[in-house]
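J.: Chain residues, written in single-letter form:
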Amino acid sequence: MNKDKDAALVKSCIQGDRRAMSQLVSQYQRPVFNAAYRILGNKDDAADATQTVFLKVFEHITDYDQKFKFFSWVYRIAINESLNQVKKRRAQESLDDSQASPWQGPAEELDSGRLCKKVQGALMLLNDEYRTVVVLKHMSGCSYQQISEILQLPEKTVKSRLYSARQLMKKTLKSDENLV
Amino acid sequence: MTEQNQTGKSPVDQHILHLLNSSIDGEISATEQDELDRLLIASHEIRHLNDELRTVTRLLDEVQELDPPEYLQGSIERQVRLPVQGHTDSKKPGLWGSGWLSTNWLRTGFALAAGAVLTVGVYEMGSEPITARDSTSMVGTMANRGQLEQPGALLDSIQLDTAKLTGLVELRNKDDLFTLDLQLSSDEPTEVVINFADRGLEFDGVNGEQVSDDGVSLVDGSVHLASKGEQHYTVRLRRTSAAQQLAPLDVNFFASNDLILQAKLIISNP
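These protein sequences, in sequence, are chains A and B.
Going by my numbering, the first residue of the first sequence is number 1, and it counts up by one from there.
Going by my numbering, the first residue of the second sequence is number 1, and it counts up by one from there.
Warning: the hint list may mix true and false statements.
Each computed DSSO-like pair below joins lysine-lysine, with the alpha-carbon atoms no more than 27 angstroms apart [unchecked claim]:
{"no.": "1", "chain 1": "A", "residue 1": "Lys156", "chain 2": "A", "residue 2": "Lys171"}
{"no.": "2", "chain 1": "B", "residue 1": "Lys164", "chain 2": "A", "residue 2": "Lys43"}
{"no.": "3", "chain 1": "A", "residue 1": "Lys156", "chain 2": "A", "residue 2": "Lys117"}
{"no.": "4", "chain 1": "A", "residue 1": "Lys56", "chain 2": "A", "residue 2": "Lys11"}
{"no.": "5", "chain 1": "A", "residue 1": "Lys88", "chain 2": "A", "residue 2": "Lys43"}
{"no.": "6", "chain 1": "B", "residue 1": "Lys264", "chain 2": "A", "residue 2": "Lys43"}
{"no.": "7", "chain 1": "A", "residue 1": "Lys88", "chain 2": "B", "residue 2": "Lys264"}
{"no.": "8", "chain 1": "B", "residue 1": "Lys174", "chain 2": "B", "residue 2": "Lys264"}
{"no.": "9", "chain 1": "A", "residue 1": "Lys56", "chain 2": "B", "residue 2": "Lys164"}
To be clear about the criterion: a stretch of chain A counts as covered by chain B if any three or more of its residues have a C-beta under 8 angstroms from a C-beta of chain B, and this derived list gives those stretches [claimed, not checked]:
{"no.": "10", "segment": "10 to 24"}
{"no.": "11", "segment": "139 to 149"}
Everything labelled a hint here was simulated from the structure, so no lab data went into it.
Glycine is no exception: its CB is placed at the ideal position from the N, C-alpha and C atoms.
Pulled out of the complex, with its shape left as it was, chain A reads as follows:
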């Protein structure tokens, strides 16, 4: 996540350079897909969200303010898009068993084992705000300051949400076969 390199690629994109666009997609599609997957709990939805994120990124590339890090901007769009999809999905679906255990769907059988599924399950039980900070901290490796920039929240709020989220996950994982 080299700020200068990203800035140069963004500039080239604005000039219509598709190779620069391809490089940015290549660099960020994986973290965006993973963040979306951890928030949505479904691979197909995460792929849809990732696609939409990049279309929005390049649609608004001329609006990007270079005083922010490019990855923060991309992540912000990714988080917003993922949360929008969560809301749409909730509006479309009634609360049923599949929603109570969304991480146990067939697509998630491909995930890396039972423990990952348990952790993803506990993650999906968190509310959207808590889940978002956990994903950014642990799956995306962001610092408090970076999460604060991405979510446009005070660092104090980021910490508060993260600490509370960990407490809730601790309870869930503890009650689930004493994983903690």
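Could you slot chain B onto chain A? The hints should help.
T.: For chain B alone, coordinates are given in the frame of chain A:
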């Protein structure tokens, strides 16, 4: 409900949690670390809480990253429309670059619309494989096993670089004729399905070494091309609609009956 009382913690607990979590994340000051060390020595309960929180964070950190689907990068790149310098509408990309097409509800809408048209299309086209004789009697000419003389301007393309299937598909346009040139290579049996239903297009013919009774068929408004090895087809579609903007063509690639890539070819007016 506030974030503090949602987990039922007292203000004292909050301070200890702050110290524990800051330490776990490596974002703690020296003074705070000293304070935490004293608390850990003094309290078994806090040591236990520390162990539990560290286990939670370790489990979270150990969650493995997933690989994005193989088709994703290509699919994104094909749909992105970069701003064109000097154009007054550079910040307003075309309909297909705005991203709304990728939403599920819209896809469902397209599928339903296509389904309605297909109902009529089935009556008109049937679902039998096209024989070489049949295909020559379709609109225009077909089965000339060679390149079109003037394929026209390049509108869009699909580059395939997967383990099972590689190649290039180019969509060109001249006057009312759209030409898809497919050059594919695979060691496995492959099928390419080009859906042109509800696009204001009609099938005009297909050329290629692989054109055979079994290999090429029209089913429900889609051209199906099935073969193996090195393949080269030219599929022609003729515009029947006066609409300025035609919906993109859906092109699906299968190898050994597995869906390898779902792609769209954007039909923009030259």
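J.: Please go over all the hints and tell whether each is borne out by the structure.
T.: Evaluation of the provided hints:
Between the alpha carbons of A:Lys156 and A:Lys171 the distance comes to roughly 23 angstroms, so the proposed pair stays at or under 27 angstroms and holds. Proposed proximity of B:Lys164 and A:Lys43 is supported: the alpha carbons are some 22 angstroms apart, at most 27 angstroms. Under the criterion of a C-alpha separation no larger than 27 angstroms, the hint pairing A:Lys156 with A:Lys117 is inconsistent with the structure, at around 30 angstroms. Between A:Lys56 and A:Lys11 the alpha-carbon distance is near 16 angstroms, which keeps this suggested pair within the 27 angstroms criterion.
Using a Cα cut-off of 27 angstroms, the hinted pair A:Lys88 and A:Lys43 holds, with the two alpha carbons roughly 16 angstroms apart. Taken as a hint, the B:Lys264 and A:Lys43 pair is honoured in the structure, with Cα atoms around 20 angstroms apart against an allowance of 27 angstroms. Restraint check: the Cα-Cα separation between A:Lys88 and B:Lys264 comes to about 25 angstroms, which is no more than 27 angstroms; the hinted pair holds. Between B:Lys174 and B:Lys264 the alpha-carbon distance is near 19 angstroms, which keeps this suggested pair within the 27 angstroms criterion.
For the suggested pair A:Lys56 and B:Lys164, the alpha carbons sit about 31 angstroms apart, so the restraint of at most 27 angstroms is broken. As drawn, the segment 10 to 24 of chain A meets chain B at 8 residues by the rule of a beta-carbon pair under 8 angstroms; at three or more, the given contact holds. By the rule of at least three residues with a Cβ nearer than 8 angstroms to a Cβ of chain B, the coverage given for the segment 139 to 149 of chain A holds, with 3 such residues.
Going down the numbered hints, you'll see the structure goes against 3 and 9, while the others check out.
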